[in-house]
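The listed protein sequences derive, respectively, from chains A and B.
Our numbering puts the first residue of the first sequence at 1, with every later residue one more than the last.
Our numbering puts the first residue of the second sequence at 1001, with every later residue one more than the last.
Note that these hints are calculated values from the structure, not bench results.
If you're wondering where the values come from, they're calculated on a predicted model, not measured in any experiment.
Here are the computed distance ranges between Cβ atoms for each label pair:
(1) A:P169 / B:D1025: 39 to 45 Å
(2) B:V1159 / A:E77: 34 to 40 Å
(3) A:R163 / B:Q1146: 30 to 36 Å
(4) A:S32 / B:E1077: 27 to 33 Å
Virtual Cβ for every residue (Gly too), placed ideally from N, Cα, C.
2 protein chains.
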Amino acid sequence: MKIIVVGAEGDIGKAACAELGERHDLIRVGRSSDDIQVDMSDRAAIDKMYARLGPVDAVVSTAGDVHFGPLQEHTDETLMLGLKQKVMGQINLVLAGLKTVVDGGSFTLTSGVLDRDPVRMGVGAATANGALGGFVVGSAIEMPRQLRINVVSPGLLDVSVPRYGKWFPGHNPVSSKRVGRAFAKSVEGAITGQVIIVE
Amino acid sequence: MKIIVVGAEGDIGKAACAELGERHDLIRVGRSSDDIQVDMSDRAAIDKMYARLGPVDAVVSTAGDVHFGPLQEHTDETLMLGLKQKVMGQINLVLAGLKTVVDGGSFTLTSGVLDRDPVRMGVGAATANGALGGFVVGSAIEMPRQLRINVVSPGLLDVSVPRYGKWFPGHNPVSSKRVGRAFAKSVEGAITGQVIIVE
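If we strip away everything but chain A, and leave its shape as in the complex, we get (with noise of 0.2 Å):
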């Protein structure tokens, strides 16, 4: 398969890519380091590059920003940071995709762990792994051409742990290999309308 992969250089991005390169031809997307830089912000952006990478058998989504702070530090904007960079950035990808990936290939999204264990400062987090639950599970009906759509929804990465663990107290860090799998669980399995927890 050809496959974007998008936020290719985060921790999670490293992992899916790690476990779908063995078999795949993979587009690396990035803000910054990768192949393609693509602002995911910015729709006409990823209109561009849909037009210039053509066809593909499946889009992988890793990125997306969220603001984290207390909640009584909270604001309209802070708020609205991570729904629009981390849930409408990742939208904007399928929205835009429905007509370049090929009949029968796949969106596959990436949310977290904090809206069913939640942690301190972890609400604009929580706030936008909810919102891309449902939009899997309220689109995955109405796509056309067997396209199917996930999102994977993972614990804190065993390599993020050194910069995020003291946030994550008691939270069992996941490895990036099952991380990996279950990108592969989606873009290659059947499923669709699922949130693929990786605990």
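Keeping the supplied structure of chain A fixed, place chain B upon it in accordance with the hints.
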């Protein structure tokens, strides 16, 4: 208790008011025909409302618009409508109310069935509902002063069937009485961080 009910004029709002009004003093807030008019998308207007109404024991929100339409006709703007109106409108009511609700008081928001039992054209609602579930889970653990927060997620109300039933094939309508009780469970009970499903 003294309870603010935002969106009191809608079908769900009426169900909440019918139940809670039996035992509590309700301050009905809406966009048009209710006792007090507030534009939920305007944070300054919400702040002004709380300043005017003073300390309350609970805030109930049943307000929030989403765009209904086929997936392939959705755009950044139509999906953002639900995230702004239904999600951020209700979230702003919480953020602005953190200092106005009394110790041990509660917030009760409203989502809906479409992120777990989707229908055609419902992806905007599914996305918004998921976001609200995530927000409640993420924010409950950081609430100050024993404040609680839940979201009621009702199926299609029996009284809404004449207007919306044709979009919900095979969905079992739920009685307004059962929906009202879910708000009582949140406001008068002790649970927090829960999506209270009414089916």
